[in-house]
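4 protein chains.
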Amino acid sequence: MRERPDPIRLGMVGGGAGAFIGAVHRTAARLDGNYTLLAGALSSQPERALASARDLGLPRGYDSWEAMLEGERALPEGQRIEAVSIVTPNHMHYPVARAFADAGFHVICDKPLVHSSEQAAELVRLARQRGIVFGVTYNYTGYPMVMEARRRIDEGSLGALRKVIVEYNQGWLATKLEDSGSNKQSEWRTDPARSGIGGAIGDIGSHAENLASAVTGLQLEALCADLTTFVPGRRLDDDANVLLRFAGGARGVLIASQIEVGEENDLRIRVYGERGSLTWHQEDPNALILKTLDGPTQILTRGNAYLGPRASAATRTPPGHPEAFLEAFGNIYTALADAIRGDADARYPSVADGARGVHFIEATVASAASDQKWTPAHYAPEA
Amino acid sequence: MRERPDPIRLGMVGGGAGAFIGAVHRTAARLDGNYTLLAGALSSQPERALASARDLGLPRGYDSWEAMLEGERALPEGQRIEAVSIVTPNHMHYPVARAFADAGFHVICDKPLVHSSEQAAELVRLARQRGIVFGVTYNYTGYPMVMEARRRIDEGSLGALRKVIVEYNQGWLATKLEDSGSNKQSEWRTDPARSGIGGAIGDIGSHAENLASAVTGLQLEALCADLTTFVPGRRLDDDANVLLRFAGGARGVLIASQIEVGEENDLRIRVYGERGSLTWHQEDPNALILKTLDGPTQILTRGNAYLGPRASAATRTPPGHPEAFLEAFGNIYTALADAIRGDADARYPSVADGARGVHFIEATVASAASDQKWTPAHYAPEA
Amino acid sequence: MRERPDPIRLGMVGGGAGAFIGAVHRTAARLDGNYTLLAGALSSQPERALASARDLGLPRGYDSWEAMLEGERALPEGQRIEAVSIVTPNHMHYPVARAFADAGFHVICDKPLVHSSEQAAELVRLARQRGIVFGVTYNYTGYPMVMEARRRIDEGSLGALRKVIVEYNQGWLATKLEDSGSNKQSEWRTDPARSGIGGAIGDIGSHAENLASAVTGLQLEALCADLTTFVPGRRLDDDANVLLRFAGGARGVLIASQIEVGEENDLRIRVYGERGSLTWHQEDPNALILKTLDGPTQILTRGNAYLGPRASAATRTPPGHPEAFLEAFGNIYTALADAIRGDADARYPSVADGARGVHFIEATVASAASDQKWTPAHYAPEA
Amino acid sequence: MRERPDPIRLGMVGGGAGAFIGAVHRTAARLDGNYTLLAGALSSQPERALASARDLGLPRGYDSWEAMLEGERALPEGQRIEAVSIVTPNHMHYPVARAFADAGFHVICDKPLVHSSEQAAELVRLARQRGIVFGVTYNYTGYPMVMEARRRIDEGSLGALRKVIVEYNQGWLATKLEDSGSNKQSEWRTDPARSGIGGAIGDIGSHAENLASAVTGLQLEALCADLTTFVPGRRLDDDANVLLRFAGGARGVLIASQIEVGEENDLRIRVYGERGSLTWHQEDPNALILKTLDGPTQILTRGNAYLGPRASAATRTPPGHPEAFLEAFGNIYTALADAIRGDADARYPSVADGARGVHFIEATVASAASDQKWTPAHYAPEA
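Protein chains in written order, with our numbering: chain A, 178 to 560; chain B, 178 to 560; chain C, 178 to 560; chain D, 178 to 560.
The shape of chain A in the complex, shown without the other chains:
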């Protein structure tokens, strides 16, 4: 348990009453005691924003993010927020993140980062220029066994990597939920104006891309995507199947779907190398399966002494006391707190990871519209 006495002063944009992800961010921030939530512009509707702030007992509620930016800048340094969490629908990420980053606040932004690679590049540039910490909550990389997978791959346990199969299977959009009038999530996530050009591929395919990158370190080179909209009348893809080619010769498959009936939040990855393989599954996150050429399958479990330092440091409880989604999300927040406090070794999904994710979405959408087999998908952040 990592508990520290001096919490970071945090503000939040979005995440008012009824939003799912805002509460997750607040719990993640609270989990290890590293943050204190002092300010919020929790909705795009002024009345609702203020009411939500009151309900949560926030010291400083604002009726718009612009008002919050102005208000906080006007406070003395020791009082104003140090970092802002942006948990709005996607289309608001860019203006809010740019403004707060430009003003020197640290930024924690939900994924996918923004709507276009141009916007992403601008944020990467700005974050570097202002010297701020800018994290993107690809939360699944916060699981200790994901960290352990990367460690073992980096140490060469698998030999050269050959193949990656990454899947994100969901079924909650198998019907036209966005027409039910009772599910805000589905409304904005299927609306191109707010969600961006990607449906399932943007919402969860982006997580899958990030997980594959975080676990393997491989660079994507080209892809071939088949995007489908199965639910009649829906305006964005709800199913994506993608062939992947990585620099160095590794191949892969990425599956992301929101119409696979009965699948809950089935994110999983398999990585095959010359000498071994690793399997991880988000719905059973405390285990990492290791297979080798000759020996028995091994089940590595969180909390044991045979794991590496990062997986151990990201662990709060002993083996068999499962940690899960909120703890992994909390690990991202804690790593960001470390970074904000100056720890140069802190690792978290950065604005560059976010930019690569946006690039990936653009490449899949372009590929889906193309008759050409392979669409280049290399992400090269500008020097």
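Simulated from the structure, these hints should not be mistaken for lab results. Values in this document were obtained by computation on a predicted structure and should not be read as measured data. You may find that some hints are simply not true.
Same chains, same label: a pair holds when it works inside one copy or across any pair of copies.
[To be verified] Within a straight-line C-alpha distance of at most 20 Å, the following computed EDC-like cross-link-like pairs (lysine to aspartate or glutamate) qualify:
1. Lys353 x Glu364
2. Lys353 x Glu451
3. Lys361 x Glu254
4. Lys353 x Asp471
5. Lys353 x Asp522
6. Lys361 x Glu224
7. Lys353 x Asp368
Starting from the known structure of chain A, arrange chains B, C and D on it as the hints suggest.
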């Protein structure tokens, strides 16, 4: 996510640097934002107590629980703590709990409650007399799917219950860890002076008894216990196998062991009725398995609409976003917060559950020493 | 695949139309091509016996086992059957086995062997005297991973054994199926005249006892049994929970039930030693789980090179091509064929194992009726 | 258990000493007592062919398949074989099958059927013309739960199908096993002259295609394949990832690999429809997972009364007594026996299924060589 603006003022006794369960309690208290930890006497060693309080940034650190009791009583009502969490080794539960309860503070005490049924009866009496909330952190009943199991049984889905198999399998004490000099947990838990008369049966058998009771509502009538100390030189049992007989004719088996090599925290329960059965496993806590006379096995999972109101209210995230040990522990703290705020419907493991647990430990130890097959084990709280 | 050109001439008593286990025995005998079924007295009803023999195309159908014994004895040595499989309800095992053994035929008898330990002792004596092979189809020990478990224990991988948990969970008798008029199995198995003094404890508890013995080699010393008849009107136990004490200090629990709704054929065993543990589950029989003090859990799977010679020899297909119930049963038949052909190293469940099983049933029934905690259960075959 | 008195007279080409699949075919043929193996040309090497026949005790051993064809034709009708099993390396399937089919023998041929779609079309034509039964041992469709999956889809339980994910994951060719000198399997399977144009895609991708077709009934329309040879020096693909498009709009992914370290024989399929989904896994073949829009996940298990007639008829033992690879293979043989005996309702993988498989292999290899995204893959058997 249940977030409320007015946190309850909490103090803590025990749980300083190096303790496992103290940090768990603090995280559980923090998780939903229902408590603010203001005071602590975190160690029996004064220096260490004060240092730990400083490290955690507690507003009011005390060098002993007596000093804390005195200090807090002296504060104005709106400032002093409202509740105290007791997370010391077992032998300190009674004096601390009695003193704070007597002074009218709400009490949250770790398990097993106390060393003897006389002490337990005294606390039950005192809690009633003072009108305080007194919870015992049988944390596993905080899992939503445990609540759902009870609901289905109460609704008669299984018909009359026939058999209960409850197990708590651990292996961490398969060697003489208490002699390693580096594991405080094992030292006091294997020391009768601090742990009480039960070893494995007290530490985790008590959890198993509580889980069986919470899930089934059955009253234990008699038991037949075989307690063993496998590790040479250990002074308390490290393995327990118990036959159970319940009022009304149901039978059962309880297994609790800390020498089962490789088992991590394998608490599980199976309940068989005339028409159906339920299985739950702590290491895979988001699922509840339902079997019936004729149909396919069903896997019920946390977060779905087909679950009852208690399981739903104890859930923070959608299906497939696993919640785990800390969230279940947090659910106990949140239910206690509800109770402290006056919610008469709040359900949590109470001081009476704690007393029944102590009674159970005494009965197993007596049975183990007896040549008689059945030892009465009925717990009748005094009227 | 073990295929041999000279099949053993086999006869069968019992196993006519509608019987479950007769067809299993025939398939097991046929699987590796080691037997040819030439003669049968397949029912106690003469007409039915002859009709069943015709339906199966048996060269020599008899209307009673006595007629078969006489008829086969009258044939020249190279034509008459060499071995007989006895697959009748339990009460017929003894007279048939005794008569055929006495006449010098090899005997393959279903379990439990007979109704009393006196009968069992007589068969043990007779088999030795006549120099015949006498196997009892405790078929579950025919699984390769069960053999591997024993090998690893014999080699000391687990260190000294401390604890055994063996379970046989079924639910098919949760209702009064024997009154349905359509289930022969349930009729004779719940009838003391045909089944013997044990219900669930005899039918499947006996399998559990045998599995524990086969895997661990431990000698049972004493037991404490709680037998229950849950279904009203049933005349034998349908649920058994038993505490076990082994020579040398190991302890155990045996659970056998036929009223656990929804359980199919859930035979499983866990063995814990000082340094490791092994888990095996009949419904997932190609895996053996190995846990150690410090390393990751290992999943050993059938067909791999790291397994010992017996498990390998009992395997027909490569890893991942699952083998199951019939193959394990076939392994018993094949080992018996090896023994009949003179292989002194062939291992199979013998008449002595059958006698020990009968002794176990008697001890549990005696214990269940006793107020004394421990009932002696040591089986000492006469020298 | 389906036992019949009048076995079909069977011959075998290939499958001598050291071959894996020959013994599997013989066991499958023997399992239900439907065949008697009378003749064999078990190797392409005359000496070896005769020795193998002797070792197996075959009444009529031949030194070549041509000799066997001639010899059997010369026998009287009631003595000569009725059917021939062809279990040679792939390149011999065509000449042998054509000759025996042409002579009016029923043919049971291993997969993939032949090397080219022209050869396949010829066999389809010939089988029709001669009126023979011609089966191709796509053995995995012999599993009862695969049959049940098809039944539920046909009955509309899932609604219109949207997506199919079928995988066949193996790792046994992750190293250059074909150079070891001790593994015949790997030698011919990686040799284009004997195996054909497909490596992994032909050997196991073909099984995956067949399973998807058997379970869903969907017609493939186009595909996009990425075939890779990972092991240096190997001459055929050892890894295949394929996007699928079906007539009617369903989409899919097919993965077939033999370099996925540690995977044994991991064939699995997931089918998603508008209202439900089904999952089946060959290494856990007795279960079929059914998910729906609103209810709990259901685990359907072999042997239960809620299953359909085909799954029930293909079942030998009660629930929980697992049946596996050999039983499923045996079910194909038994269905072929039914067909040979004139049962018009018998269902088995036919020569047309084999031809479609060859067509699929050709389409994937063509797609892998193409820059065009989609390669037509519709199989239209000539009228």
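Checked hints:
no., hint, in the structure
1, Lys353 x Glu364, "within (10 Å within a copy, 52 Å between copies)"
2, Lys353 x Glu451, "between (44 Å within a copy, 11 Å between copies)"
3, Lys361 x Glu254, "neither (37 Å within a copy, 43 Å between copies)"
4, Lys353 x Asp471, "between (48 Å within a copy, 14 Å between copies)"
5, Lys353 x Asp522, "neither (45 Å within a copy, 37 Å between copies)"
6, Lys361 x Glu224, "within (18 Å within a copy, 53 Å between copies)"
7, Lys353 x Asp368, "within (12 Å within a copy, 51 Å between copies)"
Violated hints for the displayed structure, listed by number in ascending order: 3, 5.
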